[in-house]
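**Q** Each chain, written out:
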Amino acid sequence: MITSGIDVGSVSTKVVLLLDDEVKYLVRPTGWSPRDAGLQTYEELLEAVGIRERDVQCKVGTGYGRVSLGFIDKAVTEIHCHARGAGYLAGAGGLVIDIGGQDSKAILTNDQGKVLDFVMNDKCAAGTGRFLQVIAAALGVDVSELGELARGRQPLEINSKCTVFAESEVISLLAKGEDKRDIIAGIHRSVARRVWGMASRFAPAGKVIFTGGVAKNPDVRERLARAAGCEVIAPAMGQLAGALGAALYAKELALKK
Amino acid sequence: MMRPQSMIIFDELRNLNVLTVQNAKREGKKVVGCYCTFTPQELILAAGAHPVTLCGTRQEPVAAAERDLPRNLCPLIKSSYGFAITGKCPYFEAADLLVAETTCDGKKKMYELMGKIRPMHVMNLPHSPKSEEALAAWTNEMQVLKDWLAEKFEVEITEDDIRKAIKLMNREREAMRRLHATTKVKPSPVTGVDLLVSVWTKGFNINKEDGIKLVEDLTAEIEEAAARGLSPFTGETPRILLTGCPVGFGSEKVVRLLEECGASVVAFENCSGYKALDRLVDEDPNKDVMLALAEKYLSIPCSCMSPNEGRLELIDKLAKEYQVDAVVDLTWQACHTYNVEAFVIRDYVQNQLNLPYMQLETDYSESDVEQLRVRVQAFVELIQGE
Chain F
1 MITSGIDVGS VSTKVVLLLD DEVKYLVRPT GWSPRDAGLQ TYEELLEAVG
51 IRERDVQCKV GTGYGRVSLG FIDKAVTEIH CHARGAGYLA GAGGLVIDIG
101 GQDSKAILTN DQGKVLDFVM NDKCAAGTGR FLQVIAAALG VDVSELGELA
151 RGRQPLEINS KCTVFAESEV ISLLAKGEDK RDIIAGIHRS VARRVWGMAS
201 RFAPAGKVIF TGGVAKNPDV RERLARAAGC EVIAPAMGQL AGALGAALYA
251 KELALKK
Chain E
1001 MMRPQSMIIF DELRNLNVLT VQNAKREGKK VVGCYCTFTP QELILAAGAH
1051 PVTLCGTRQE PVAAAERDLP RNLCPLIKSS YGFAITGKCP YFEAADLLVA
1101 ETTCDGKKKM YELMGKIRPM HVMNLPHSPK SEEALAAWTN EMQVLKDWLA
1151 EKFEVEITED DIRKAIKLMN REREAMRRLH ATTKVKPSPV TGVDLLVSVW
1201 TKGFNINKED GIKLVEDLTA EIEEAAARGL SPFTGETPRI LLTGCPVGFG
1251 SEKVVRLLEE CGASVVAFEN CSGYKALDRL VDEDPNKDVM LALAEKYLSI
1301 PCSCMSPNEG RLELIDKLAK EYQVDAVVDL TWQACHTYNV EAFVIRDYVQ
1351 NQLNLPYMQL ETDYSESDVE QLRVRVQAFV ELIQGE
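Chains F and E are the protein sequences, given in the same order. Letter by letter, the first sequence follows residues 1 to 257 of our numbering. Letter by letter, the second sequence follows residues 1001 to 1386 of our numbering.
Worth flagging that the hints you see were computed from the coordinates, not collected in a lab. There's no promise every hint is true.
As the list claims (entries may be wrong) - Straight-line distance between alpha carbons at most 30 angstroms, and here's what the computed DSS-like set of lysine-lysine pairs gives: (1) Lys-257/F with Lys-24/F; (2) Lys-1208/E with Lys-1317/E; (3) Lys-1317/E with Lys-114/F; (4) Lys-1186/E with Lys-257/F; (5) Lys-74/F with Lys-1152/E; (6) Lys-1152/E with Lys-1208/E; (7) Lys-1130/E with Lys-256/F; (8) Lys-1088/E with Lys-1152/E; (9) Lys-114/F with Lys-1320/E; (10) Lys-1167/E with Lys-1320/E; (11) Lys-1186/E with Lys-114/F; (12) Lys-1109/E with Lys-1152/E; (13) Lys-216/F with Lys-74/F.
Unchecked claim - To give a feel for the contact side, a few chain F residues facing chain E, derived at Cβ under 10 angstroms: (14) Arg-54; (15) Val-67; (16) Ala-75; (17) Thr-77; (18) Asp-103; (19) Lys-105; (20) Ile-107; (21) Asp-117.
Said to hold, decoys possible - Pair by pair, the computed Cβ-Cβ distance ranges are: (22) Asp-36/F with Ala-1227/E: 44 to 54 angstroms; (23) Phe-71/F with Pro-1070/E: 43 to 53 angstroms; (24) Glu-1309/E with Gly-206/F: 25 to 35 angstroms; (25) Asp-55/F with Gln-1384/E: 23 to 33 angstroms; (26) Lys-1029/E with Val-164/F: 51 to 61 angstroms; (27) Ser-68/F with Ile-1009/E: 34 to 44 angstroms; (28) Glu-1321/E with Gln-154/F: 54 to 64 angstroms.
A quick note: this is a predicted structure, and the numbers were derived from the prediction, not measured. Backbone N, C-alpha and C fix where the C-beta goes; we use that ideal spot for every residue, glycine too.
Same shape as in the complex, but just chain F (with noise of 0.2 angstroms):
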């Protein structure tokens, strides 16, 4: 059987293939258009892989371009996308946190992968992947090098929750000289205490399973383990949990078929 989950997040569209137990994936920039990138990425992929579209018995949608995607065949919030997805990767169970580009979300699951309860961040970007990306760029780097440079460092502390705020804090550290390693692992400290606070009404929860584009972070991944005071798993494809959980739905609803 083959099915699909596409992905269209605020800044990657991720869609996965999935054929019987073996998944193939694709990651493209989402860009201006969530529906064309929802499109042309799966379109990409079915080549890549060698696959005709009448194969593919289901997709589903998910993410914030889901209700865009014209091609789908239901579209499934990223809430229960994600904690299924997570749960395929890192066992079913426990606590779901994931950072996006634009939100952040809290999910508690039972050992049967079903979700209990959930939280998401405001409706501003702090503490997500969008306030990494603009702290990168004020620093001169590239939001891929930050979990390196900040690695081991003693961070500062960033006080402004606010991603404009914290940008002029963080321009005002370099007037002082402080070093760009040390503000990076301050910013990261602040993202892992800001999504914590957040999830921590969920604690002890068992298990807490890291995902979505900022879990390739590993500094971001060790603060948030300090945080929560827990071990923090960060599955390899933590960044398309959101998409294979998608495909796993798909797969449920075309045996339903």
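Guided by the hints, dock chain E onto chain F, whose structure is given.
**A** Chain E in isolation, oriented as in the chain F frame:
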């Protein structure tokens, strides 16, 4: 989606109500603007005046209000004040007097500013619903309001006038209760948005008898639809109890979103819904009439009360009577009392009622509709056990 015919009357009523108020004014009738369900409308009626609800539920005047008020204040307070200073609310324009209460801090400080625009009386509402001293003080506040109205309108307010007004208001409450009760049927014969709009519109109908008649007609029509098994929903549609801050036309986005995402809002525990209808004023002719009023109004379980156990009791009762599948707690941004109380409500709903619970914090603007949609849709998925 199937809609009761009477809803069309309610839609038109929005314009008609304005004319009714203006005509009443031309005939020399007096109009008193109120803001909360704590206002004893009985005393206004007994003074021969028309009470009208002015609580701001729309976004438009918020920007104007921010000229004088802080941005970080609840939208309801800003909307109410904004309507007052911009002259865009025909009901405010028609009001000879205003009556309000010291409910939350934001409101009572805003009323100090509003009082400069129109003659206003602010009742000193105590915040301990079960204390004898609070009841005595609140009973005295009834007397103070009565004297103020009598003086301003140069009328005598007799006990008989008040008792008649109590009977009329109780009849109105009973009619409203029956309207709310139509959604006890599973699936509900009417959408939450329609129910909300009709209840909201009724607040501007200054003629109580006409209003009761309209509500009764709508109720009869919905009941008939229910008897024929008609509904915009199915037996599987998750049934929601909405609690928290008041909602009106223009601020119904959360109700709309819930129903767009496949749920049915069947119970409104908030003060724009059922909260103030649960208890009638005691009509016992041997009871002191001011005490009877004070008892009723002090029992309204608003989050400005402390402790506010009555709210938990009402949520419990409505959750069972309306067979709800989940509870949604709406908090307007910067409404501290409802926001803090959400902690207690979450614990109670999840652990005592064993129902899914979600708190949403937002304002009257449409800026976060898509972010809210994700939460609402995920919550509906959670209820359905995806």
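**Q** It remains to establish, for every hint, whether it holds in the given structure.
**A** Results of checking the hints against the structure:
1. Lys-257/F with Lys-24/F: 24 angstroms, holds
2. Lys-1208/E with Lys-1317/E: 28 angstroms, holds
3. Lys-1317/E with Lys-114/F: 29 angstroms, holds
4. Lys-1186/E with Lys-257/F: 28 angstroms, holds
5. Lys-74/F with Lys-1152/E: Roughly 63 angstroms separates the two Cα atoms, so the pair is violated.
6. Lys-1152/E with Lys-1208/E: Between Lys-1152/E and Lys-1208/E the Cα gap is close to 22 angstroms, so the pair holds against 30 angstroms.
7. Lys-1130/E with Lys-256/F: 56 angstroms, violated
8. Lys-1088/E with Lys-1152/E: Measuring from Cα to Cα gives roughly 25 angstroms; hence the hint holds.
9. Lys-114/F with Lys-1320/E: 25 angstroms, holds
10. Lys-1167/E with Lys-1320/E: Roughly 29 angstroms between the alpha carbons, so the hint for Lys-1167/E and Lys-1320/E holds.
11. Lys-1186/E with Lys-114/F: 27 angstroms, holds
12. Lys-1109/E with Lys-1152/E: This hinted pair holds, its Cα atoms lying about 23 angstroms apart.
13. Lys-216/F with Lys-74/F: 28 angstroms, holds
14. Arg-54: Nearest chain E Cβ about 27 angstroms off; hint violated.
15. Val-67: 8 angstroms, holds
16. Ala-75: 8 angstroms, holds
17. Thr-77: 4 angstroms, holds
18. Asp-103: Where the cut-off is 10 angstroms and the nearest Cβ of chain E is about 7 angstroms from Asp-103/F, the hint holds.
19. Lys-105: Status holds, d = 9 angstroms.
20. Ile-107: Interface hint status for Ile-107/F: holds (9 angstroms vs cutoff 10 angstroms).
21. Asp-117: 8 angstroms, holds
22. Asp-36/F with Ala-1227/E: 44 to 54 angstroms: Check passed, 50 angstroms falls within 44 to 54 angstroms.
23. Phe-71/F with Pro-1070/E: 43 to 53 angstroms: Holds, at about 47 angstroms.
24. Glu-1309/E with Gly-206/F: 25 to 35 angstroms: 34 angstroms Cβ-Cβ, so the 25 to 35 angstroms window holds.
25. Asp-55/F with Gln-1384/E: 23 to 33 angstroms: 30 angstroms, holds
26. Lys-1029/E with Val-164/F: 51 to 61 angstroms: 53 angstroms, holds
27. Ser-68/F with Ile-1009/E: 34 to 44 angstroms: 38 angstroms, holds
28. Glu-1321/E with Gln-154/F: 54 to 64 angstroms: Check passed, 59 angstroms falls within 54 to 64 angstroms.
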